[in-house]
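Novice: Here's the letter readout for the chains.
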Amino acid sequence: MADDDLGQAGKRRRSALWLSGLSGALLITLVLAVGLGAVAISPATVAQVVTHHVAGWPATPTWDRAQDAIVWQVRLPRVLLGALVGAALAVCGVALQAMVRNLLADPYLLGVTSGASTGAAAAILFGLGAGFGENALSASAFLGALAASIVVFVVARAGGRITSLRLLMAGVAVGYALYAATSFLIFASDSAEGARSVLFWLLGSLSLARWSWPLAIVVVIVCVTIAALMTWNRHLDALAIGDETALTLGVPPTRFRVQLLIVVSLCVGAVVAAAGGIGFVGLVIPHVARRFVGAAHARVVPVAALIGAIFLVWADVAARVVLVPQELPIGIITALIGAPFLLVLVRRFHANST
Amino acid sequence: MITAEDVSFAYADTLVLDGVGVAAGPGHVIGLIGPNGSGKTTLLRTLYGALSPRAGWISLDDAPVSELGARELARRMAVVVQEGSGELPLTVSETVLLGRTPHLTAFQRHSRDDFRIAAAALSRVGARHLADRVFSGLSGGEKQRVLIARALAQQADHLLLDEPTNHLDIRYQHEVLQLVSQLGVTTILVLHDLNLAARYCHQLVLLDGGRVAAAGTPDDVLHPDVLEPVYRIGVQRIGTDDGVQLLFHPLPPSSAAESS
Numbered sequence: 001m002a003d004d005d006l007g008q009a010g011k012r013r014r015s016a017l018w019l020s021g022l023s024g025a026l027l028i029t030l031v032l033a034v035g036l037g038a039v040a041i042s043p044a045t046v047a048q049v050v051t052h053h054v055a056g057w058p059a060t061p062t063w064d065r066a067q068d069a070i071v072w073q074v075r076l077p078r079v080l081l082g083a084l085v086g087a088a089l090a091v092c093g094v095a096l097q098a099m100v101r102n103l104l105a106d107p108y109l110l111g112v113t114s115g116a117s118t119g120a121a122a123a124i125l126f127g128l129g130a131g132f133g134e135n136a137l138s139a140s141a142f143l144g145a146l147a148a149s150i151v152v153f154v155v156a157r158a159g160g161r162i163t164s165l166r167l168l169m170a171g172v173a174v175g176y177a178l179y180a181a182t183s184f185l186i187f188a189s190d191s192a193e194g195a196r197s198v199l200f201w202l203l204g205s206l207s208l209a210r211w212s213w214p215l216a217i218v219v220v221i222v223c224v225t226i227a228a229l230m231t232w233n234r235h236l237d238a239l240a241i242g243d244e245t246a247l248t249l250g251v252p253p254t255r256f257r258v259q260l261l262i263v264v265s266l267c268v269g270a271v272v273a274a275a276g277g278i279g280f281v282g283l284v285i286p287h288v289a290r291r292f293v294g295a296a297h298a299r300v301v302p303v304a305a306l307i308g309a310i311f312l313v314w315a316d317v318a319a320r321v322v323l324v325p326q327e328l329p330i331g332i333i334t335a336l337i338g339a340p341f342l343l344v345l346v347r348r349f350h351a352n353s354t
Numbered sequence: 001m002i003t004a005e006d007v008s009f010a011y012a013d014t015l016v017l018d019g020v021g022v023a024a025g026p027g028h029v030i031g032l033i034g035p036n037g038s039g040k041t042t043l044l045r046t047l048y049g050a051l052s053p054r055a056g057w058i059s060l061d062d063a064p065v066s067e068l069g070a071r072e073l074a075r076r077m078a079v080v081v082q083e084g085s086g087e088l089p090l091t092v093s094e095t096v097l098l099g100r101t102p103h104l105t106a107f108q109r110h111s112r113d114d115f116r117i118a119a120a121a122l123s124r125v126g127a128r129h130l131a132d133r134v135f136s137g138l139s140g141g142e143k144q145r146v147l148i149a150r151a152l153a154q155q156a157d158h159l160l161l162d163e164p165t166n167h168l169d170i171r172y173q174h175e176v177l178q179l180v181s182q183l184g185v186t187t188i189l190v191l192h193d194l195n196l197a198a199r200y201c202h203q204l205v206l207l208d209g210g211r212v213a214a215a216g217t218p219d220d221v222l223h224p225d226v227l228e229p230v231y232r233i234g235v236q237r238i239g240t241d242d243g244v245q246l247l248f249h250p251l252p253p254s255s256a257a258e259s260s
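Here the protein sequences line up with chains A and B, keeping their order. Residue numbering for the first sequence follows my numbering, beginning at 1 and increasing consecutively. Residue numbering for the second sequence follows my numbering, beginning at 1 and increasing consecutively.
Hint data in this document are derived by calculation from the structure and do not stem from the laboratory. Quick caveat: nothing in here was measured; it's all calculated off a predicted structure. Glycine is no exception: its CB is placed at the ideal position from the N, C-alpha and C atoms. Hints should not be assumed to be uniformly reliable.
[To be verified] Pair by pair, the computed Cβ-Cβ distance ranges are: (1) Arg109/B to Ile262/A: 20 to 30 Å; (2) Gly126/B to Leu32/A: 17 to 27 Å; (3) Asp3/A to Pro229/B: 51 to 61 Å; (4) Arg133/B to Leu199/A: 41 to 51 Å; (5) Gly126/B to Val344/A: 33 to 43 Å; (6) Arg348/A to Ile170/B: 17 to 27 Å; (7) Gly21/A to Ile170/B: 36 to 46 Å.
[Stated by the list, open to error] Some, not all, of what chain B presents toward chain A, calculated at C-beta under 7 Å: (8) Ala74; (9) Ala106; (10) Phe107; (11) Asp113; (12) Phe115.
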């Protein structure tokens with residue numbers, strides 16, 4: 001019995017298998033997804049174009065310039081952004097579900113999407129944020145997202161404490177208020193073109209992706225967020241049980257919530273600014289990850305990041321190829337897949353509670 | 001050693017604790033007893049830092065609790081609270097391993113030692129076979145034992161428990177308290193059942209309306225003269241070979257009116 005380790009060594013091996021399997025799947029996904037679209041390009045060519053640009057090998061292209069541009073200029077940044085956004089939404093969903101102790105919470109709970117949409121609408125319709133040049137749209141969406149989360153945060157923090165319920169209610173209230181503001185902006189501007197852009201933003205799209213500063217910022221923020229949530233895995237477990245439990249395990253709940261809120265709202269704000277409000281990923285993927293590896297956040301966070309990345313890249317492929325040459329907003333695809341899943345989840349909840 | 005002196009606490013304008021003191025010497029088991037709303041749980045929560053007292057002094061081995069960081073406090077004091085288990089299906093081993101949290105920095109993973117300590121804690125409470133079960137699916141008695149195992153895994157030399165026998169049947173009530181009293185750890189626990197308090201506590205503190213109504217050994221405190229005015233119920237004391245036992249009966253209407 002002295003060497004009894006509760007079977008944890010075996011569990012670690014199993015979760016290492018999951019992680020390497022999913023990492024391999026993500027790599028294959030990236031290569032295949034870059035090849036798929038209105039113009040199909042073979043995975044071998046995709047791999048060569050990438051190594052040519054990154055490592056200078058092969059030195060002389062065996063592919064034409066159009067293929068080069070499609071792979072390197074258009075699809076690769078888009079697929080990478082998709083993977084980043086998927087991973088970010090999934091881990092932020094995991095964090096928020098633990099933080100508010102509600103399995104139906106998602107990253108947009110903090111009013112971030114509606115804030116970003118309002119910011120983007122103001123930029124599109126009234127030229128707000130023109131000082132940011134070509135990044136005006138992303139910048140004002142990001143500022144809108146941050147402003148919204150600050151309001152939610154301040155409202156939820158009454159009396160020096162942040163409780164789950166207050167956070168939920170403040171998020172819902174701010175979300176609706178900003179939704180109304182966005183609708184009013186569209187109504188007041190009288191521009192059909194602008195309204196269509198705003199709608200596109202609300203449903204989400206990866207079509208703005210290109211090699212640029214905003215993409216680099218998203219890369220950094222998403223990586224930092226995933227790393228932070230992984231180091232906080234036990235804190236998340238404790239907070240998910242309860243405030244008193246967290247406190248007595250040395251995790252002061254309000255201080256930890258503030259840290260989480262800052263990290264998560266920066267991350268979701270950046271992601272929404274880059275790709276709009278893509279729904280259901282942050283709600284559904286955490287549940288999928290828990291089904292595979294259990295509830296402990298040490299395993300759920302990395303697994304959810306990988307599954308989220310893979311899922312969103314394939315959802316974007318579907319958005320690109322279903323109605324060629326038209327492109328569907330990716331939010332329609334994720335909702336089509338996510339909503340039935342949610343219904344199954346609700347039914348299971350009901351079965352458990354009776 | 002846990003010492004609280006002259007502690008007062010108020011929710012808004014309602015004074016819940018009014019100059020309360022309690023002291024638990026090394027290895028002693030102290031029971032907090034008293035009617036509903038007398039301030040037992042509030043006192044316990046000030047002891048582990050969930051509430052900051054309005055006035056008074058709380059210390060752990062002579063260090064003021066308010067000056068200890070949350071992690072430091074959790075390394076030295078384990079707490080078993082009355083709280084739901086949340087919605088996440090954490091397993092029993094994951095729950096007990098959380099007891100190692102205060103001993104790890106953010107970048108550390110659980111070591112083999114952590115696993116062994118958690119396994120030993122589960123064995124100690126007779127719940128090793130539950131390790132792979134989902135915590136929220138356990139019975140009340142099993143849950144309580146697992147929570148005590150988590151507290152043991154914290155390896156703290158102070159232990160606080162809030163009504164650990166709540167929702168347990170008689171056998172488990174004794175099992176849990178027997179376990180706690182045999183740990184040899186400085187313990188303060190809130191109890192409703194006075195006969196259990198008589199059997200398992202070295203000292204009792206009787207609270208009434210946020211003040212200490214009586215304190216001392218079970219033999220001193222568990223007297224009809226002390227208990228009847230506080231609980232407003234008739235108390236009959238029986239001396240047995242095993243110590244003090246109490247019987248309770250409603251007071252006749254006239255004397256109930258007199259004492260209120």
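Novice: Compare the structure with each hint and give your call.
Specialist: Here's how the hints hold up against the structure:
no.	hint	result
1	Arg109/B to Ile262/A: 20 to 30 Å	holds (25 Å)
2	Gly126/B to Leu32/A: 17 to 27 Å	violated (53 Å)
3	Asp3/A to Pro229/B: 51 to 61 Å	holds (57 Å)
4	Arg133/B to Leu199/A: 41 to 51 Å	holds (48 Å)
5	Gly126/B to Val344/A: 33 to 43 Å	holds (38 Å)
6	Arg348/A to Ile170/B: 17 to 27 Å	violated (36 Å)
7	Gly21/A to Ile170/B: 36 to 46 Å	violated (51 Å)
8	Ala74	holds (3 Å)
9	Ala106	holds (4 Å)
10	Phe107	holds (6 Å)
11	Asp113	violated (10 Å)
12	Phe115	holds (4 Å)
In summary, the numbered hints that this structure violates are 2, 6, 7 and 11.
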